[in-house]
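Visitor: Listed here are the chains, written in short residue letters.
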Amino acid sequence: MPVPVGEAEFQRVIAPLRFGWIQDEIKRGQYEESLVLFDRLLARKPADPEVLYARGEVYRLRGDKDDLPRALDDLSRAAGAQKPPAETFRSLGLVQRQLGNAQAAAEAFDRYLALDPHAPDAGLLRSYLSDLKS
Amino acid sequence: MKRLFALLLAALLAACTTIAKVEGDQVVNDKLVVKVPAAWNKVTDPWEHEPYDLWTQEGIPLDHLRLWAGVQSGQPLVAKPTVLFRAPGEKDPRYPTFVSGLPPDKLVSLFEALYANEGEVKITRVDPTIFAGEKGVRFELTLARRADDLVLNGVGWAAEHNHELYAATFAAPRLTFFSKLLPMAEAVVKTAHIKG
Chain A
205 MPVPVGEAEF QRVIAPLRFG WIQDEIKRGQ YEESLVLFDR LLARKPADPE VLYARGEVYR
265 LRGDKDDLPR ALDDLSRAAG AQKPPAETFR SLGLVQRQLG NAQAAAEAFD RYLALDPHAP
325 DAGLLRSYLS DLKS
Chain B
2 MKRLFALLLA ALLAACTTIA KVEGDQVVND KLVVKVPAAW NKVTDPWEHE PYDLWTQEGI
62 PLDHLRLWAG VQSGQPLVAK PTVLFRAPGE KDPRYPTFVS GLPPDKLVSL FEALYANEGE
122 VKITRVDPTI FAGEKGVRFE LTLARRADDL VLNGVGWAAE HNHELYAATF AAPRLTFFSK
182 LLPMAEAVVK TAHIKG
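Line order of the protein sequences matches chains A and B. Going by the working numbering, the letters in the first sequence line up with residues 205 to 338, in that order. Going by the working numbering, the letters in the second sequence line up with residues 2 to 197, in that order.
These are computed hints drawn from the structure, not numbers from a lab. Because the structure is a prediction, the values reported are computed rather than measured. Cβ atoms here follow ideal geometry from the backbone N, Cα and C, with glycine treated the same way. Incorrect hints may have been included.
As the list claims (entries may be wrong) - With beta-carbon atoms standing in for the labels, derived distance ranges:
| no. | chain 1 | residue 1 | chain 2 | residue 2 | range |
| --- | --- | --- | --- | --- | --- |
| 1 | A | Gly304 | B | Glu91 | 35 to 43 Å |
| 2 | A | Val240 | B | Lys196 | 20 to 28 Å |
| 3 | B | Lys191 | A | Val240 | 24 to 32 Å |
| 4 | A | Gly304 | B | Thr177 | 46 to 54 Å |
| 5 | B | Lys81 | A | Val240 | 18 to 26 Å |
| 6 | A | Asp314 | B | Asn42 | 41 to 49 Å |
| 7 | A | Lys269 | B | Lys181 | 30 to 38 Å |
| 8 | B | Asp26 | A | Gln286 | 30 to 38 Å |
Here chain B stands alone, though its shape is the one from the complex:
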């Protein structure tokens, strides 16, 4: 019985989150190419098919670099959770959803709503930029995370190409980690270009 339990546990763990080292040339969703000068850790959860790549240096509770590539109009920026039970008359919540043709200010609002789900978010800077070779927007934010009362700083880049969204966000604790890791995130983001 113990052996069976151990086997089941091993099988379960094997099916859980995996972490793989990424460096060199990487392609996100077969559409966005980035060069990774210093290795990152790519986190994959087989149970959740998020529409972005999730990378980290120190572990997801601390820092994350998310990369979206080729999000189509009408698609949300996050995977909608499976709802097993719904009360009568209850509707699904809204999820931040990309729509082709959104102006830069509304792109920022999408990511603001995305992070607002985690805690109190405040956009602290918004500027026009070039991201992945396209005219886009760069924004900075602070997030007071509800789960652990940790204050994070964040930065994001977003642009539209051929009616699809390309974006990246990086966030890490304001103390120590953000300033230490931001150059590594920027080193990746500045190499981003759309494939083809």
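Okay, chain A solo, but in the shape it has when bound:
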């Protein structure tokens, strides 16, 4: 697919804002619409860690049948990419916790809190960690 003229410059300019926009899209809670958007973005750039995180997070939040394995797949791929958003590890920990994988959940939460010790939900996640490690 030919790269549109000016795309690189456009991506450079929006880069500081893009993840915030992606988070706002997730927060709308209109999961099916968000999945269409994130599928399109991933079709153009399949290893984009921000969008992999976003799609995994939408699957996690929706929680329909088969959504948890999809969330785990996207979030694991995002976590393995270069410079994934810190929130990837939060979501990964929450999925692993839901799946009953205590050690994997604790590792993900530890990584998240190491990357963002003052995360807004640090208090809640530390309580989850305490339960997972007890």
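Based on these hints, arrange chain B on the given structure of chain A.
Guide: Below, chain B without anything else, positioned relative to chain A:
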């Protein structure tokens, strides 16, 4: 004709939003008891049967305290609007819906989605807490409201009891009102207990 118009207008106004003073012991949805040390104003709209009680000090455009009691699994946190016309293939939007057994982080996400409908919302703090005598979650948020560009601070509490949701949220403009009114909201919320 003028007299008829005046009568119709009076009847219409009487059927619109009502505001009643609440103080002392109050019961929300016949399930959640709170003590109200300083009076609040309860806002009721006969046209919209929201699944929460709506209270305010300075008026709804400024501050609100919402109280949910006994929301059952599968019920949304807000009333779904009546749709009079739908384009072919158009689906209803999703509404934040309580499901029994949700972990605290997902309870917070429900309220985040609720406020995201009004503007740009950001959760700024989440901690475990006790609400209405149950283990639950307390969260704080900021909301940049789309309708008037006002930035509000908010706080919420949520817990599950017998597969039902009990929750409260309070929000007010960041400047002046939030710090002034939050203690009044907290004074109500800390007395909350489930009836029976």
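Visitor: With reference to the structure, classify each hint as holding or not holding.
Guide: Hints, verified against the model:
1. Taking 35 to 43 Å as the suggested C-beta distance range, the pair glycine 304/A and glutamate 91/B conforms, at roughly 39 Å.
2. Checked against the hint of 20 to 28 Å, the pair valine 240/A and lysine 196/B fails, with Cβ atoms roughly 44 Å apart.
3. In this structure, lysine 191/B and valine 240/A break the distance hint of 24 to 32 Å, their C-beta atoms being roughly 44 Å apart.
4. A C-beta distance of roughly 48 Å is found between glycine 304/A and threonine 177/B, which places it inside the suggested range of 46 to 54 Å.
5. Range check, lysine 81/B to valine 240/A: about 22 Å between beta-carbon atoms, so the 18 to 26 Å window is met.
6. The hinted range of 41 to 49 Å is satisfied by aspartate 314/A and asparagine 42/B, whose Cβ atoms lie roughly 47 Å apart.
7. Judged by the Cβ atoms, the range 30 to 38 Å given for lysine 269/A and lysine 181/B is violated: they are separated by roughly 48 Å.
8. For aspartate 26/B and glutamine 286/A, the hinted distance range of 30 to 38 Å is not satisfied, since their beta carbons lie about 59 Å from each other.
When the structure is compared with the earlier hints, violations turn up for hints 2, 3, 7 and 8 and for no others.
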